[in-house]
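Engineer: Sequence:
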Amino acid sequence: MVDEPLDPPPPTPAAAAPPTPLLRPRREAFEHGLLPIPKLIFPEGTLAQTLSQLKEKLAPAAAAAGDGRVGAASLAEALQIPPDQAALAIGMLAAVLPAEDPALDAGGSGGGADLRDVLLFLYIQSYKRLVPRPHKDSPAVADVWPSTSAFDGYLSALSPIQLVRSNSRRFIPSQADEEIHQLSYLQKHMANILTLLADSVEGEGDDSLVLTMETFEHLGFLVHFSEGTSLSQAATFFANSDPDMPAAPVSAAQVHDWILQNIVSSLEFYTEKSTAKEGSQQIASDLDVTMADANTSHPRNSTTTVANPTFHRNSTFVEGFSKTSVVKHASDVKGNSVKVLNCHDSVIYILAPVKYATVYGCSDTTVVLGAVGKVIKVEHCERVHIIAAAKRICIANCRECIFYLGVNHQPLIVGDNHKLHIAPFNTYYPRLGEHLTQVGVDPSTNKWDQPFVLGVVDPHDSLSHPAGVSDVQAESATCVDPDLFTNFLIPNWFEDEVQEPTKCNPFPLPEIYQASQSKKQAVLEDTKKTIRELQLDENRKKELASALHSQFKDWLYATGNIRQLYCLQGD
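What the sequence shown shows, in numbering that gives the first Met the number 0, is residues 0 to 570, in sequence order.
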């Protein structure tokens, strides 16, 4: 039975629509592009100077390459970090670029990354995530979700049970809160960022630093306009440039003034929206999504998302579900990312191709992520099963979770994790093969059992560790015993609509897991044969069937698979 739904939010006065598209931070860079590698993070007081010196070190290698690119080997030497960490940095940079870079191998072993992108990527490693506001009624939180977590009560404050029953999520930073925080960071650092990217020319003062239109477009790594307008088309000094003639460089000071003007306009609009939503029972100042009703239990059309027309929407949210099943197909997903937030005791099916996925604050839930072309991040989850096909996955601050993975790169494990298990990918659905091809995931390469483990302390996040704790390597993950490995069956909702459906797991199982599956199948066949050969009267057959039914029912409840059975019955 589903918990009581949230009360519908009261109407709020609408803020006036802005006269021009808003400049927004690229959330992907801040949400997926931060790595807890100490030597990538420089003190704020010396940040600009240190990166300027690094630029001088890397410039000869970029010039020698002939295309201004920097490879993992050059980055490792300049930063004095291990080659595998440099390759990880280059690969993660590739994963969060706003557009595909054909010359850049996502694994860090190809032609290298553009030096300007490398400098921007390294600069934002100094960013500190927004700290959630403390809950105003801590005893009430503890009453509905006792604080027995390894995270000292932080995950308890984010629990979906508390979320649904308290009708208040205002202590959690909203999408708008985070974007305000990111814009404020960029506002503070934009002068240094532009100086870092600019070319020096003859002149005095501000006129000695200029940006070409090509370099200006690289700022799209950090910001974009809400209507999808390119930066160079929005900027008056580059708009309507003749494509056959290179645009004249513009002074860095002029670019700085223009960007700051747009950031200020965006911050004013955000502030107005935040003020308008104060006192609402809906999440304060969340500009992107209206919470779906939490009482939906039917697997089809189980969530609704409402986009604010002021913004260019690029995310789909599945949030706050408890004791239910939710499915989203490609037609249900809007934008290039999906976020599964604060779900409890549920089964979530995301059977769609996306670039980015986030699973955050969930417990006792199975999440199926069909095909993710860039990065999955799983954070602050407990007793969750993640079944995912993706290029990359990052696991942070989780406990007692099992990950069934088909991943092209090593799983990244960071933060305070406990009792994690990993296993090869274990499912399929009719459109899986089509979706993998669409996002560029190669099922012939699966590095599920090669975790890349970094430190416990995340310098970007003060919540994952107590202040002043020295860093140690994070706890790694253990491979699931092949005899305990099982396949996961997804209901075939729309198989008739697929011309060439995927009919088996596209990721080949390792030999030891395949042998275990074959052994289980042989035992099952032998058992069925033995039962058929038994000379049982009708009463004995009924007793045997009843005993099998009872044992199977107990197993369903003990493993949590009863939820999946309900999905199959509803198909």
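These are calculated hints, taken from the structure and not from any lab test. We treat Cβ as the ideally placed atom computed from N, Cα and C, and that holds for glycine. One thing to keep in mind: the hints can contain errors.
Below, simulated BS3-like cross-link-like pairs (lysine-lysine); rule was C-alpha separation at most 30 Å, straight line [stated by the list, open to error]: (1) 376 - 502; (2) 333 - 418; (3) 518 - 418; (4) 322 - 127; (5) 519 - 502; (6) 518 - 528; (7) 446 - 541; (8) 446 - 518; (9) 446 - 502; (10) 338 - 446; (11) 418 - 322; (12) 528 - 541; (13) 333 - 322; (14) 502 - 541.
Here are the computed distance ranges between Cβ atoms for each label pair [to be verified]: (15) 271 - 477: 27 to 37 Å; (16) 198 - 485: 41 to 51 Å; (17) 399 - 491: 23 to 33 Å; (18) 97 - 37: 22 to 32 Å; (19) 187 - 52: 35 to 45 Å; (20) 260 - 472: 37 to 47 Å; (21) 545 - 99: 35 to 45 Å.
Engineer: Each of the hints needs a verdict: does it hold here or not?
Structural biologist: Each hint, compared with the structure:
Between residue 376 and residue 502 the alpha-carbon distance is near 28 Å, which keeps this suggested pair within the 30 Å criterion. At roughly 34 Å between alpha-carbon atoms, residue 333 and residue 418 are farther apart than 30 Å, so this suggested pair is violated. The suggested pairing of residue 518 with residue 418 holds, with an alpha-carbon distance near 27 Å, which does not exceed 30 Å. For a cut-off of 30 Å, the pair hint linking residue 322 to residue 127 is broken: about 34 Å separates their Cα positions.
Restraint check for residue 519 and residue 502: satisfied, since their Cα atoms lie roughly 20 Å apart, inside the 30 Å limit. A distance of roughly 15 Å separates the Cα atoms of residue 518 and residue 528; the hinted pair therefore holds under the 30 Å criterion. Using a Cα cut-off of 30 Å, the hinted pair residue 446 and residue 541 is violated, with the two alpha carbons roughly 47 Å apart. Between residue 446 and residue 518 the CA atoms are separated by roughly 25 Å; this keeps the pair inside 30 Å, and the hint holds.
Of the pairs offered as hints, the one joining residue 446 and residue 502 holds, with about 23 Å between alpha carbons and a cut-off of 30 Å not exceeded. The hinted pair formed by residue 338 and residue 446 meets the criterion: a straight-line CA distance of about 24 Å does not exceed 30 Å. For the given pair, residue 418 sits about 24 Å from residue 322 by alpha-carbon distance, which is consistent with the 30 Å threshold. Taking the CA atoms of residue 528 and residue 541, the gap is about 18 Å. The hint holds against a cut of 30 Å.
A distance of roughly 24 Å separates the Cα atoms of residue 333 and residue 322; the hinted pair therefore holds under the 30 Å criterion. Proposed proximity of residue 502 and residue 541 is contradicted: the alpha carbons are some 35 Å apart, above 30 Å. Remark: the range hint 27 to 37 Å for residue 271 to residue 477 is contradicted by a beta-carbon distance near 50 Å. Checked against the hint of 41 to 51 Å, the pair residue 198 and residue 485 fails, with Cβ atoms roughly 59 Å apart.
Take residue 399 and residue 491: their Cβ atoms lie about 31 Å apart, and the range 23 to 33 Å holds. A hinted range of 22 to 32 Å holds for the C-beta pair residue 97 and residue 37, which are about 27 Å apart. For residue 187 paired with residue 52, a C-beta distance near 21 Å fails the hint of 35 to 45 Å. In this structure, residue 260 and residue 472 meet the distance hint of 37 to 47 Å, their C-beta atoms being roughly 46 Å apart.
Range check, residue 545 to residue 99: Cβ separation about 58 Å, and the 35 to 45 Å hint is violated.
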